[in-house]
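Each protein sequence line maps, in turn, to chains G and B. Quick note, the first sequence lines up with residues 1 to 380 if you use this note's numbering. Quick note, the second sequence lines up with residues 1001 to 1380 if you use this note's numbering.
Everything labelled a hint here was simulated from the structure, so no lab data went into it. Please read all numbers here as calculations on a predicted model, not as lab measurements. Some hints here could point you the wrong way.
Chain B regions said to be covered by chain G (calculated; three or more residues, Cβ under 8 Å) [what the hints assert, rightly or not]: (1) 1005-1013; (2) 1016-1028; (3) 1201-1211.
In this text, a Cβ means the ideal position worked out from N, Cα and C, and glycines have one as well.
Protein chains: 2
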Amino acid sequence: MNVTKFAIPEIIFGRGSMVHVGQCARRLGAKRVLLVSDQGVEQSGWVERVTELLEADNLEWVYYGDVNSNPRDHQVHTGAQLYQEAKADVIIAIGGGSPIDAAKGIAILASNGGVISDYEGANRIERPLPPMIFLPTTAGSGSDVSQFCIITDVARQLKLSIISRSLVPNISIIDPLILLTKSQELIIASAVDAFAHAVESYVSRIASPFTEIQALRAMELILRHLKPALEKKSIHALEQLSIASTAAGMSFSNAGLGAGHALAHSLGGMFDVLHGLVHPILLPAVMSFNTPVCTAKIGTIGRMILGPGARSDEEAALDGIDKLKHYFSEFGVPVRLRDILPERSTLATLAKAAVGDACNLTNPRTADEDSLLGICEEAW
Amino acid sequence: MNVTKFAIPEIIFGRGSMVHVGQCARRLGAKRVLLVSDQGVEQSGWVERVTELLEADNLEWVYYGDVNSNPRDHQVHTGAQLYQEAKADVIIAIGGGSPIDAAKGIAILASNGGVISDYEGANRIERPLPPMIFLPTTAGSGSDVSQFCIITDVARQLKLSIISRSLVPNISIIDPLILLTKSQELIIASAVDAFAHAVESYVSRIASPFTEIQALRAMELILRHLKPALEKKSIHALEQLSIASTAAGMSFSNAGLGAGHALAHSLGGMFDVLHGLVHPILLPAVMSFNTPVCTAKIGTIGRMILGPGARSDEEAALDGIDKLKHYFSEFGVPVRLRDILPERSTLATLAKAAVGDACNLTNPRTADEDSLLGICEEAW
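Model the full assembly from the supplied sequences, consistent with the hints where possible.
What follows is the structure in structure tokens.
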């Protein structure tokens, strides 16, 4: 085995764990916090709750909420300016992947200067970032534990993947009670995103025993608890999805992702679709493409999807991918690219934009532009 | 589920990973390192190897090697004095649990002052510690990833358990190649210690989904790979034991231990026995004592030990404990307290010293002095 790294933040997990946010911020030396979120989270009342908790701990705060789904480069630049002007010393984000990624971008610029596209790729951040605390409100992005930050470059119409050890926050506070206020669609999109994180990182070129165990566990928990979470909105099932998302985050943060996320980023950059909803479309096609070079691993995933019964690796892989397609279609989400894209001619542009994405580097089978186009055609 | 915390260091794992030590130290701002180890590690050449690597990275170093197995309070005090005099800025330890625990003690005093017994118990350390990097040379103690530090109080003839989030080092560099130079006895003692960490933390009062998965995995890897590691000294099997020890460390660091480690600490304080070798003696008796309050969990462990076959939780627990005793006896290590203690009358003193150990707090079944004496009698 090659030398491998495994880094995660300190994790505080559990129902009601949000109440520790002020104490955590103080522990990191906070006097004035920059709080980052978005309109959706504001409307559900969670931003106000965090500000109350900060005030209860005698902390000053400045709020920045101008963040979209698929956060834009200029939003990061404005946030960084606010951080400087406010003389903030700790960054807290509450939200799905978008506010958290925006907060990471703000942290990069706050201590390293420049513009966000300067940091595209792996290990381009030189100076330490301000202390960061993240509170995820979805069970999916894993951004609250990961070394990844994805920002939309508006001019180039693509998503920048920024990967660095220093993007792992100091503390992730994961409170499953927040999930109770989420829509069905968001729960599905998040869980499927986490499932894709688990699958892609499990077969990644740089997967390690430390990441593989987290990936397998995430898949198993999602397959077992996503339907009950949707049908009954049981807090137990939602909590298990939170654990799954965190486990998948630990895995992909350290093992990287693959061709599916490379394509998802180019799709998101061009069409501003909800990130999680592209995986039911892309993941089966990516798994099929990868099967020849990692049949045993895709077979292991297949067996988990299919349940008991003796099968060869190849059978388990193929049948598992088929059953996964069926599983996704039961959620009533789009399962073909043609359902979400205007015309087939865009596929070539998508493939071209995805080939250079940092996620593509760790895909187990080399995926050039033609291969990526093939995956898109398969998923059309 | 209650609110739970999970904190581990950044882990760099793999054959030859030791070469990264200088670069890691520089990343933590090192100019002059205090290197802590012991005579055994010196003799096997690993201390010299680390100093070469530090020099290759233009780092100055000061060496402190006056550390015993079951490190003493005065050894920690001397080391802390050396750290101050040398104006060191980062602490690196290479060794088994003893040099690593000594290094943690030195780090506590270096930034918090006083004497080591001031910090006995949980969360008594107030000021941040100097940056720490640990390189474990045994696959057992888990101290390189844990929040625990165990130091012998010579005057009181007991082991101080110090538990704090700040004892988790910045980086743990785990290089399984080092295990190739270890004796059979040390490999067994270390693996059994890791197995006990896994079992005790799995049933701990504060176990969480994040720790349970690591605990189960550690048990499974040790049961599968300890014999091959001893018989063939295969690097693959030794590497798996390293992974197991790290996983068990992630678990007990965050979930705590139990009555077995409380007794092991009082035993170690009074008789200076090799820590790992007390677990084959104590663990089965502790598991039997705990079974009534966590039958399902001990049953899960039992099934892992026994292999396939339908059994009730209770049957699996009882039969599993029996088979575990047999498994330990096959290694030719002592399996009764009478084999290592001078006389039965010492048991009462042992139980009395163990009852207040911090590890006893998380034992799933309340273990008062009488219960602990009962466990010792059972193991006599």
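Hint check:
1. 1005-1013: Our answer is that it holds, as 8 residues pass the Cβ test (under 8 Å) against chain G, meeting three.
2. 1016-1028: holds (count 3)
3. 1201-1211: holds (count 3)
The structure agrees with every numbered hint stated previously.
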